[in-house]
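Participant: Protein chains in written order, with the working numbering: chain E, 1 to 362; chain G, 363 to 724; chain X, 725 to 1086; chain Y, 1087 to 1448.
Source of the hints: derived by calculation from the structure; they are not laboratory data. From the three backbone atoms N, C-alpha and C, an ideal C-beta is built for every residue, glycine too. Honestly, I wouldn't trust all of these hints.
[Unchecked claim] Anything over 12 angstroms on all C-beta distances counts as not near chain G; from chain X, calculated: (1) ILE729; (2) LYS768; (3) GLY804; (4) CYS806; (5) LYS817; (6) GLN830; (7) THR844; (8) TYR892; (9) ALA897; (10) TYR899; (11) GLY916; (12) GLY949; (13) ASN953; (14) LYS989; (15) GLU994.
[Claimed, not checked] Derived lysine to aspartate or glutamate pairs resembling EDC-like cross-links, with alpha carbons at most 16 angstroms apart: (16) E:LYS239 x G:ASP692; (17) X:LYS946 x X:ASP959; (18) X:LYS963 x Y:ASP1416; (19) Y:LYS1325 x X:ASP1054; (20) Y:LYS1308 x Y:ASP1208; (21) E:LYS325 x G:GLU579; (22) X:LYS939 x X:GLU960; (23) G:LYS588 x G:ASP498; (24) X:LYS1049 x Y:GLU1303; (25) G:LYS687 x E:GLU217; (26) G:LYS687 x E:GLU214; (27) Y:LYS1411 x X:GLU941; (28) G:LYS443 x G:ASP433; (29) X:LYS1049 x Y:GLU1300; (30) E:LYS222 x E:ASP122; (31) G:LYS601 x E:ASP330; (32) G:LYS584 x G:GLU598; (33) Y:LYS1167 x Y:GLU1117; (34) Y:LYS1411 x X:GLU938; (35) E:LYS325 x G:GLU576.
Number of protein chains: 4
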Amino acid sequence: MDRKIKVGVIGATGVIGQNYLRLLSNHPWFEVVYLAASPNSAGKKYIDAVAGRWHMRTDIPEKFRNIIVEDASLVEKAAGKCSLIFSAVEMEKQAILAVESEYAKQGFAVVSNNSAHRNTTDVPVMIPEINAGHLDIIPLQQKNHGWSQGFLVVKPNCSIQSYMIPLYALMKAGYSIDKMIVTTLQAVSGAGYPGPASIDLIDNILPYIGGEEEKSEVEPRKIFGKVQNGKIVSDESLKISAHCNRVAVTDGHTACCSIQFAGKKPEMQEIIDIWRNFSGPPQELKLPSAPVPVMIYREENERPQPQKDRDAGNGQAITMGRLRKCNVFDYRFVGLHHNTVRGAAGGAILTAELLKAKGYIK
Amino acid sequence: MDRKIKVGVIGATGVIGQNYLRLLSNHPWFEVVYLAASPNSAGKKYIDAVAGRWHMRTDIPEKFRNIIVEDASLVEKAAGKCSLIFSAVEMEKQAILAVESEYAKQGFAVVSNNSAHRNTTDVPVMIPEINAGHLDIIPLQQKNHGWSQGFLVVKPNCSIQSYMIPLYALMKAGYSIDKMIVTTLQAVSGAGYPGPASIDLIDNILPYIGGEEEKSEVEPRKIFGKVQNGKIVSDESLKISAHCNRVAVTDGHTACCSIQFAGKKPEMQEIIDIWRNFSGPPQELKLPSAPVPVMIYREENERPQPQKDRDAGNGQAITMGRLRKCNVFDYRFVGLHHNTVRGAAGGAILTAELLKAKGYIK
Amino acid sequence: MDRKIKVGVIGATGVIGQNYLRLLSNHPWFEVVYLAASPNSAGKKYIDAVAGRWHMRTDIPEKFRNIIVEDASLVEKAAGKCSLIFSAVEMEKQAILAVESEYAKQGFAVVSNNSAHRNTTDVPVMIPEINAGHLDIIPLQQKNHGWSQGFLVVKPNCSIQSYMIPLYALMKAGYSIDKMIVTTLQAVSGAGYPGPASIDLIDNILPYIGGEEEKSEVEPRKIFGKVQNGKIVSDESLKISAHCNRVAVTDGHTACCSIQFAGKKPEMQEIIDIWRNFSGPPQELKLPSAPVPVMIYREENERPQPQKDRDAGNGQAITMGRLRKCNVFDYRFVGLHHNTVRGAAGGAILTAELLKAKGYIK
Amino acid sequence: MDRKIKVGVIGATGVIGQNYLRLLSNHPWFEVVYLAASPNSAGKKYIDAVAGRWHMRTDIPEKFRNIIVEDASLVEKAAGKCSLIFSAVEMEKQAILAVESEYAKQGFAVVSNNSAHRNTTDVPVMIPEINAGHLDIIPLQQKNHGWSQGFLVVKPNCSIQSYMIPLYALMKAGYSIDKMIVTTLQAVSGAGYPGPASIDLIDNILPYIGGEEEKSEVEPRKIFGKVQNGKIVSDESLKISAHCNRVAVTDGHTACCSIQFAGKKPEMQEIIDIWRNFSGPPQELKLPSAPVPVMIYREENERPQPQKDRDAGNGQAITMGRLRKCNVFDYRFVGLHHNTVRGAAGGAILTAELLKAKGYIK
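Modelling step: build the complete structure from the supplied sequences, incorporating the hints.
Facilitator: Here is the structure:
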């Protein structure tokens, strides 16, 4: 690859934007050249725009410090500078819908972290190992809107990655799953910055995260759905019930899952084998951020744990453990993923790599 | 009540023993006069026996400091000093079975925190609001063993109190429940002292607690069971599947529950009303430690929380919240209780109060 | 006391205001009848004004729930309703100076938690055990401003109470102290709500609290000062250097202190005896919130600790430990106090009790 | 470097031993070929010997898993297998003194983490940037004991690295320091595994660490001392007083330091420049683990912090911040280092690299 693809990050000063810059600072395919944020930041060097609110554990990469931040709503500023936009703009929903669509209209490939477009029927919600095929909707999306070149894809909510690929691998192996009850123990970084007050998570847990359970129940159906008649049609066969809790963990969402199969049921060892041997398009296409293996099954009783397992596969792998019979459903297990890598910016970057490999971004 | 019942605590130097002394220091019915522990502690003043390992947040009650600790295995030492024994001995299972039985044989009423006798068919596992009727087995237990006066009752594992009374109240109102999937987020005090290493719970959760899931699934069936043919026969109609996690909370176990009714289903408001209006024998008998109300339902989204709800009813009440429809079963909710009060020493004391009120202890 | 003094709390909806209501709900001398806050809250019932932001661990006391909140800046609203105002208004400094002075001008006794007036030379900064005599300035303060009846006193910053009374007791016993280097480990509740983000205090400490070190160094000098020529003149003889850190503790500030005496030095046991035997005006006047003893010295190595010692004396006592020789100065020790009780609302209430006992409030 | 030096780790199954293996798994100069531990572990594969007690966040390096663990007290087992021994044996002090001396006697270069030999006058306590010259004592040490080839060096306690190099850099620039009062906030990993109980560090700090203050005060004097008359003579001119606290942090010790110069005093900016420009033998010799720069000074108010700064220089750098005037001494600042890397195994490895570069190990 001689020439890197020029990339813009809009919403670059927020925590997700910062994660993009952290993860893209040495990317082999993508080169960040354009940063945009709110009007307050416009005109400032990036280092000044984030002064006092850079929250990553590593410092601002040198190469981004002096880039002049633009106003994210002035789409024309990006023209000619980049072809791919990662969106992490923090606005109210209608404004996000508008600004992301405008970037697509102006010819940019837009990969978004926001939830605004997740229910738009011609916008794919991507977990590249699962629904790479949903990208087939892009030409139709372009046609629907009269966009010549630009398009829009999004990544799902960060609460679901701990179990989506494990479930999908079993489905792909021929085992239908029709019920899952899942309880998540979610890290505070999932709430952005500042997120929960420390006084609420010292010697405490919070048994509620606004909107999270609904997203955890609805988004999987779209991701497991099919492109039909120019729409992505959700798979209604899987019923999910989610309890979402916030716990005193910096990074790493844990999910305690009980699942029931619709028809035939695999043996326990077969499940583990399916998980360990699974690979999807990112692995097959050898995408730069694709973890190999994508799923790790730990035999130890006390695993997976956020502290020890979140960084597996550079934060892109899913780690499972404690597969055992369920007294009520067929099986239960624990899944874990890194919510700000696989579950947020890292998942979006993997999606963009898939878009590049499939020829949607040039 | 003119005269208090004389009480002994065996295993008095451990954390549960300390909790007994903390909770019994001003009890209106019971007066602790006898303390026993391992041979190492025997012959020492209590204050010296626990020097450097008193872990309560309040100091050792004055009145217990100078009591000379006896060897818990020398049952004869207790003779003539007390009639009720709270057992928190820390031994291996066979030794516990033997020593607790020996105290009963020697005429003491024994109320134990240990799990050793929970599967003994003529030993009731007590949650006084639920199975006060199981005390009817005591005469038979005495007959089985040839005990003239002593007997043995135990309290259940600390993981289940967050949901047992809520479930029972619904059952008592005529609604059978046949399935529950529950995930617990359990406090570290449940593991005794020292319990989990701090390095394992800073920025982390542990998705496993040895033996806890099995107890959480099996013990409820016995508590919901019936005295039949001289045994307590478990109710096999309720299937429970439990995921037990350890989290960085000092006190207060939280349970995320999804339940399915067997036949007719109450409306949501009816459930809340049932919970709020429920009372059991401890409330009706006005036992000193009985919380009124025994169950609190909070309307706020973020409740119950360990920090704010564990001390409800002096740690004896159960707090619930977030009752809502479940996509898979009928309903889901969150329950919480104080694991070292209601779930341990406090639950045992409430049981002893019931025994006294029912005439089993004089 | 037949009749309670009628009290208003301004800034009643903030966290400090909430602490006032929690601590005053059963006060023997004071009855809260007036609540005021920002214009946003004005006209609402208190329970509605704090809906979703009541942060105490116990519920809103029943008696305050239906009080209609007034606009704190409309001083005339309080007229005739109460004679004592506890101020916890959250405004910018100039506005606080103005509003608190206006209440005093209108005849109210004002006891404030804010720092705005701490440098005003005729406003005493009160720790009742130390500088009860500073109240002598009140007539002069009234004369300076032409106030007929109202006046203004304030409580100091919450970082200093762990060592102020210990130092004062030694000074009063005739031992001058001229140098102290102190490092504090401060609880998050000291920062109000929401305070530090949880992601910044999980697996972390913050080695800086804005403005805290300056206050910790300057305020003690005024408190140890004298009323002279119509002013409170600071005692410049004690030099303090403070390092202030934020740690993952909900309540309870800890201070590691090294002190040097100016002239003669007490023996170690003498220091402990002085501390244990010390009492001040609050104890002598038997004020309702006065802790007896006011200082507790613990012999155990690992004390004082926030978890076990913050609630001593209902949060009004100071606990010390680890007194030992210092290699550089004379002695070192650890002090601890409850920052939202003794260090905030509780300290202000104790001050108001002193004012009442001394006849300044009727 | 064609051939790597063969290395043994004794005490290989403990937490420090595990850290050695983690840090040495890809070392350019050293190859671990020999592992020894207690008799319990002897004869087992390493992976089996640490089963259930591997506490690192990354997995056991593949290459060490099948090494058969020997009994560390059977020194002859190591003969011919390696020339350098890293000692992390966990025994009582006399046994450590004996076993480490025996390895030296048998011809091994021994670099130890233990405190046992730190007061032995001919054993250097090494911080390679400071006292590389102390290695000159090795020939004398060998002569004293009649050792032909083996020798013994140790690393200091983990509490002091946050300030030792900062102090030394100033001393080397010509500024004598004669007093320091320091308060440390130390991570739990410094206590080994399991270390403090989680219940003692949730919503709490512990104001005491057994033996830590004494080590923090005494060891610096030896490190700043001189080789004279065949001994390392401590520098008695610097008086240190240390308050050591344990806080809920996994890794990273923080130190709040107040220092006084003996004679002339540098300006604030000069201090920062001295720190930033300092380099010692490890940097000059380009040792593989030497951080460049060795000290980082952060301008932000809230730095250094464990979470963000402990990994600087791969855990080998020291990070400082908050340099400011002290009201009592001349200056104060905050220092931070990674206690299990620079403060333990990493510091020992850097020492071994220095020994190799200086020709003491071949």
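Participant: Does each hint hold? Answer for all of them.
Facilitator: Status of the hints after comparison with the structure:
For ILE729 (chain X), the shortest C-beta to C-beta distance to chain G comes to about 30 angstroms, beyond the 12 angstroms cut-off, and the non-interface label holds. With a least CB separation of 18 angstroms from chain G, LYS768 (chain X) remains clear of the 12 angstroms interface cut-off, as annotated. No beta-carbon of chain G comes within 12 angstroms of the beta-carbon of GLY804 (chain X); the shortest separation is about 36 angstroms. Every Cβ of chain G is farther than 12 angstroms from the Cβ of CYS806 (chain X); the closest lies at roughly 30 angstroms, confirming the non-interface assignment.
Listed as outside the interface, LYS817 (chain X) is consistent with that label: its C-beta sits roughly 33 angstroms from the nearest C-beta of chain G, beyond the 12 angstroms cut-off. With 12 angstroms as the threshold on Cβ separation, the claim that GLN830 (chain X) sits away from chain G holds: the shortest Cβ distance comes to roughly 38 angstroms. Distance to chain G confirms THR844 (chain X) as a non-interface residue, since its nearest Cβ pair spans about 38 angstroms, more than 12 angstroms. Listed as outside the interface, TYR892 (chain X) is consistent with that label: its C-beta sits roughly 26 angstroms from the nearest C-beta of chain G, beyond the 12 angstroms cut-off.
Once the 12 angstroms rule is applied to beta carbons, ALA897 (chain X) is consistent with being away from chain G; the minimum gap is 27 angstroms. Against the 12 angstroms criterion, TYR899 (chain X) stays outside the reach of chain G, whose nearest CB is about 30 angstroms from its own CB. The claim that GLY916 (chain X) is not at the interface with chain G holds, since no C-beta of that chain comes within 12 angstroms of its own (minimum 17 angstroms). Look at GLY949 (chain X): its CB is around 37 angstroms from the nearest CB on chain G, clear of 12 angstroms, so calling it non-interface holds up.
At roughly 48 angstroms from the closest C-beta of chain G, the C-beta of ASN953 (chain X) stays outside 12 angstroms, upholding its exclusion from the interface. Listed as outside the interface, LYS989 (chain X) is consistent with that label: its C-beta sits roughly 31 angstroms from the nearest C-beta of chain G, beyond the 12 angstroms cut-off. The beta carbon of GLU994 (chain X) is kept farther than 12 angstroms from every beta carbon of chain G, the shortest such distance being approximately 25 angstroms. A distance of roughly 13 angstroms separates the Cα atoms of LYS239 (chain E) and ASP692 (chain G); the hinted pair therefore holds under the 16 angstroms criterion.
For the hint linking LYS946 (chain X) to ASP959 (chain X), the alpha-carbon distance of about 6 angstroms falls within 16 angstroms, and the restraint holds. Straight-line distance between C-alpha atoms of LYS963 (chain X) and ASP1416 (chain Y) comes to about 13 angstroms, which keeps the hinted pair within the 16 angstroms bound. Taking the CA atoms of LYS1325 (chain Y) and ASP1054 (chain X), the gap is about 13 angstroms. The hint holds against a cut of 16 angstroms. Proposed proximity of LYS1308 (chain Y) and ASP1208 (chain Y) is supported: the alpha carbons are some 11 angstroms apart, at most 16 angstroms.
Among the hinted pairs, LYS325 (chain E) with GLU579 (chain G) is consistent with the structure: their alpha-carbon atoms are about 13 angstroms apart, no more than 16 angstroms. With a C-alpha separation of about 15 angstroms, the suggested pair LYS939 (chain X) and GLU960 (chain X) falls inside the 16 angstroms cut-off, and the hint holds. A threshold of 16 angstroms between alpha carbons decides the hint, and for LYS588 (chain G) with ASP498 (chain G) the separation of about 10 angstroms falls inside it, so the pair holds. A distance of roughly 13 angstroms separates the Cα atoms of LYS1049 (chain X) and GLU1303 (chain Y); the hinted pair therefore holds under the 16 angstroms criterion.
Proximity of LYS687 (chain G) to GLU217 (chain E) is assessed by CA-CA distance (about 13 angstroms); at most 16 angstroms being required, the pair is judged to hold. At most 16 angstroms may separate the alpha-carbon atoms for a hinted pair to count; LYS687 (chain G) and GLU214 (chain E) meet this at roughly 12 angstroms. With a C-alpha separation of about 13 angstroms, the suggested pairing of LYS1411 (chain Y) with GLU941 (chain X) holds against the 16 angstroms cut-off. A threshold of 16 angstroms between alpha carbons decides the hint, and for LYS443 (chain G) with ASP433 (chain G) the separation of about 14 angstroms falls inside it, so the pair holds.
With a C-alpha separation of about 12 angstroms, the suggested pairing of LYS1049 (chain X) with GLU1300 (chain Y) holds against the 16 angstroms cut-off. Taken as a hint, the LYS222 (chain E) and ASP122 (chain E) pair is honoured in the structure, with Cα atoms around 11 angstroms apart against an allowance of 16 angstroms. At roughly 13 angstroms between alpha-carbon atoms, LYS601 (chain G) and ASP330 (chain E) fall within 16 angstroms of each other, so this suggested pair holds. A threshold of 16 angstroms between alpha carbons decides the hint, and for LYS584 (chain G) with GLU598 (chain G) the separation of about 9 angstroms falls inside it, so the pair holds.
Our distance criterion of 16 angstroms between C-alpha atoms is met by LYS1167 (chain Y) and GLU1117 (chain Y), whose separation comes to about 11 angstroms. Straight-line distance between C-alpha atoms of LYS1411 (chain Y) and GLU938 (chain X) comes to about 12 angstroms, which keeps the hinted pair within the 16 angstroms bound. Between LYS325 (chain E) and GLU576 (chain G), the direct Cα distance comes to roughly 12 angstroms. Compliance with the 16 angstroms bound is thereby established for this hinted pair.
Consistency with the previously given hints is maintained throughout, with no hint failing.
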